[in-house]
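Student: Use these hints to put chain B onto chain A, whose structure you have.
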Amino acid sequence: MALKTELVTLNMGPHHPSTHGVFRMRVTLDGEMVREVEPVFGYLHRGLEKLAEGRTYTQIIPFTDRLDYVSSMQCNWGYCLAVEKMAGIEVTERAEYIRVIVSELQRIINHTLAIGFFISDLGAMQTPLLLAWREREKLVDLFEMICGQRLLYNYVRIGGVSHDLPPEFMPALEKFMEEFPFYMSEFEDLLKGNEIVRARTIGTGAISAEKAISYSMSGPCLRAAGVDWDLRRDNPYGIYDRFKFNVATGTNGDNWDRYRVRIEESMQSYSIVQQAMSQIPEGPVMVKVPNLLRLPEGDAYAAIEAPKGEQGFYIVSDGSIAPYRWHVRSPDFINLGALREMTVGSMIADLIATLASIDICLGSVDR
Amino acid sequence: MMTIPDVVTQAPLASWQLWDSALDSGWAIDNFWAHLALFAVGIIGFVLMVVMGFIWYERRLISVMQLRIGPNRAGPFGLLQPVADAIKVMLKEDIVPTVADKWVHFLAPIVVFVPVLLMFAVIPIHEGVGLIPDLNIGILFIVAVGSIETVAVFMAGYGSNNKYALVGAMRSVAQMVSYEMPMAFAVIAVVMVAGTLSMQGIVQAQSIPFALLLPMAFIFYFTCALAELQRTPFDLLEAESEIIAGYHIEYSGMKFATFYLGEYGGAIAQCAIITTLFLGGWKGPILPPVLWFMIKLFTMFGVIVWIRAAWPRVRIDQLMGFAWKYMLPLSLINLLVVAIEVIILDGDAIRWWLVPVNFAITIGLMTAWAGMFKIGGGSESA
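Note that the protein sequences, when read in sequence, are chains A and B.
Take the position in the first sequence, starting the count at 1, then add 555; the result is the number in the numbering used here.
Take the position in the second sequence, starting the count at 1, then add 103; the result is the number in the numbering used here.
Treat each hint with caution, since some may be false.
Unchecked claim - The list that follows gives simulated cross-link-like pairs (lysine to aspartate or glutamate, EDC-like), each with its CA atoms no further than 16 Å apart: (1) K766/A / D783/A; (2) K428/B / E283/B; (3) K386/B / E230/B; (4) K266/B / E648/A; (5) K266/B / E692/A; (6) K266/B / E561/A; (7) K843/A / E648/A; (8) K693/A / E645/A; (9) K730/A / E692/A.
Claimed, not checked - If you want the ones that stay clear, here's a sample from chain A, every Cβ over 12 Å from chain B, calculated: (10) E645; (11) F673; (12) D676; (13) A679; (14) Q681; (15) L686; (16) D696; (17) V752; (18) A764; (19) L786; (20) G793; (21) Y879.
What the hints contain is simulated information worked out from the structure, not anything from laboratory work.
Since the structure is predicted, the reported quantities are computational estimates derived from the model, not experimental observations.
Ideal Cβ positions, reconstructed from N, Cα and C, are used throughout, including at glycine.
For reference, chain A alone in the conformation it holds in the complex (with noise of 0.2 Å):
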């Protein structure tokens, strides 16, 4: 005799204890399986896009900053990029140096926080998330030397960076970048064989690389899923190509494969932070770019390698002093695209596992 049941309607409301901002899910659950999500966001959409059609390119910068917060030099960059390739501005050798220096360190921040919040939505209670702030705190700390935010940058500028590095910064980066590998090993000690992490996380939350691609995935979500792309080897932009890394890719795309290779990609962040330190050279970190700037007509995309996926900036300029239409391609809402294929017929539990392990960020998501 088969039994009654009922699929019941579960709404995860926009406020979470398992953080990642105001996102919400309805999710139809038979039992424990889960049989449908659907994401509703927008909670914290902001309207950046419209807004931008009405400032000049420079004081469009901060809002970048307000995408990705938790990597913003990052976004401020993707959008310089844009700007200066419409412009036809080139920068000078100290400011990429610089660019890629931040860039890489922000990609570390992003992924230790990334981890951490993964490890909690497991139930870690949050132990392994503040082990890996400790080094967040450093370079944030480095960060404040730089520009004197800790969180919002506005740092990377058309044509350049704003300030130039403090004569104290090199020895306070060189005196983490001794610690750093010690601590990642410890905490890596402390979570890569634990029984449990690996009985939640291997298996859980997997999609297949021709269905990674056909969603449009980018970044660790994409590598995990075993397909080799990343946007600083296969199409550099700024100095990348004079720097050798290896691109970490994994072979399920389930959770563990994510966390592993967010892992790979903060250690190689550091080998390329350690080789821009010994081939940075002097001089200017500024162009001289006029006040208020106008591109000529037509239209351009540039895209960088953020810690979450491809970060794109596309700008349609009509010649005026501000953009026509700016467009962010977010990589986490488009990864978000995913998640019902990746959770559909587990567990409740491997759904909040999931969606930490996509790594969103809801400035992003929203804008």
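Tutor: Using the frame of chain A, we list chain B on its own:
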């Protein structure tokens, strides 16, 4: 001739020896009701005080492991933090849902807390000190009373008339029932070796602490105690509260405080039972026995807090699979092995050379069984 009073010719006793002699000469007051009243009040006071101590201890210890400081504002070193928590919770409004089953909703916190207090009746803190320390069915009483918690949890979930509380309560009941059996089998192993069900008798039989002699029973009892207490890694109901909120969602104010007291009181009770059954109770070389008991109690709780800080939690299907497919068969095999040892050694199985033998058997069995067992399943094809 004047006789010199005896007390002058005796050597002056050290302070703890005075305490000891007072205890030996009998805290058991002749009047049964006075004895009962004194110890009942004493147990309630003890539990409340130690719960507050545990709350402080847990928060400070977790903070140390998380590289932060923890509560340090309320009083020196944050020692008055539990007092602040208690005051806050007493002043909160007591909300009862209108559609809830009033009596069940009201009784559930009480039924959670009272068995915890009852368990302390048979736990000896010192030789002969306890409400009924040498109850000849001591450990059986504890197992029986501990099972009432399951009913209490279900009462809480059912009485709230909330779909999610009910589902949470059912999950919780499934967890507690599944983990009671390996617990009982571990206890039976201890009882076979000690030869008595009385708690005091078990402590006195431990010339070698049973944690060394019966390591598998110790590990299994500890794991099952974690599951009964619903602490990490088995705390699905408490903390996976994003969706299915725990069974105590509809409680506020003093009723919630009673649940909290029940949880921490249960932690004390389980630590005290583990101390009595496996760590030698109040035995120890130099310090007074009561102090040894408290040291062992706080050490066990420290291990529980350490596990909470370090590990994530398991999923519900992994949890049930672990209990039924791994722990239950292994605890039965453990029982068989211990029974064979007791029979071979003619009832006196407390020998030093059994310790490495048992350790080897434990490690071998656990690793061999883990190789055959796959934890959880997880998903079905959509």
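Student: Each hint should be assessed against the structure and marked as holding or not.
Tutor: Do the hints match the structure? See the list:
1. K766/A / D783/A: Holds. K766/A to D783/A sits at ~14 Å (cutoff 16 Å).
2. K428/B / E283/B: Holds - the C-alpha atoms of E283/B and K428/B are around 14 Å apart, at most 16 Å.
3. K386/B / E230/B: Distance of about 9 Å is within 16 Å: holds.
4. K266/B / E648/A: Since the Cα atoms of K266/B and E648/A sit roughly 63 Å apart, the hinted pair is violated (cutoff 16 Å).
5. K266/B / E692/A: Roughly 43 Å between the alpha carbons, so the hint for K266/B and E692/A is violated.
6. K266/B / E561/A: Status holds; Cα separation ~13 Å.
7. K843/A / E648/A: This hinted pair holds, its Cα atoms lying about 14 Å apart.
8. K693/A / E645/A: violated, 32 Å
9. K730/A / E692/A: The given pair, whose Cα atoms are some 14 Å apart, holds under the 16 Å limit.
10. E645: Since the minimum Cβ distance to chain B is about 45 Å, E645/A lies beyond 12 Å and the statement holds.
11. F673: violated, 10 Å
12. D676: Check fails; 9 Å does not lie beyond 12 Å.
13. A679: violated, 4 Å
14. Q681: violated, 7 Å
15. L686: L686/A not clear of chain B: closest Cβ-Cβ about 7 Å, inside 12 Å.
16. D696: The assertion about D696/A holds, with a minimum of 16 Å to chain B.
17. V752: Violated: least Cβ distance 6 Å, not greater than 12 Å.
18. A764: The claim holds: A764/A sits with its nearest Cβ about 18 Å from chain B, beyond 12 Å.
19. L786: Answer for L786/A: holds, closest chain B Cβ roughly 32 Å.
20. G793: Answer for G793/A: holds, closest chain B Cβ roughly 35 Å.
21. Y879: holds, 43 Å
The earlier numbered hints that this structure contradicts are 4, 5, 8, 11, 12, 13, 14, 15, 17.
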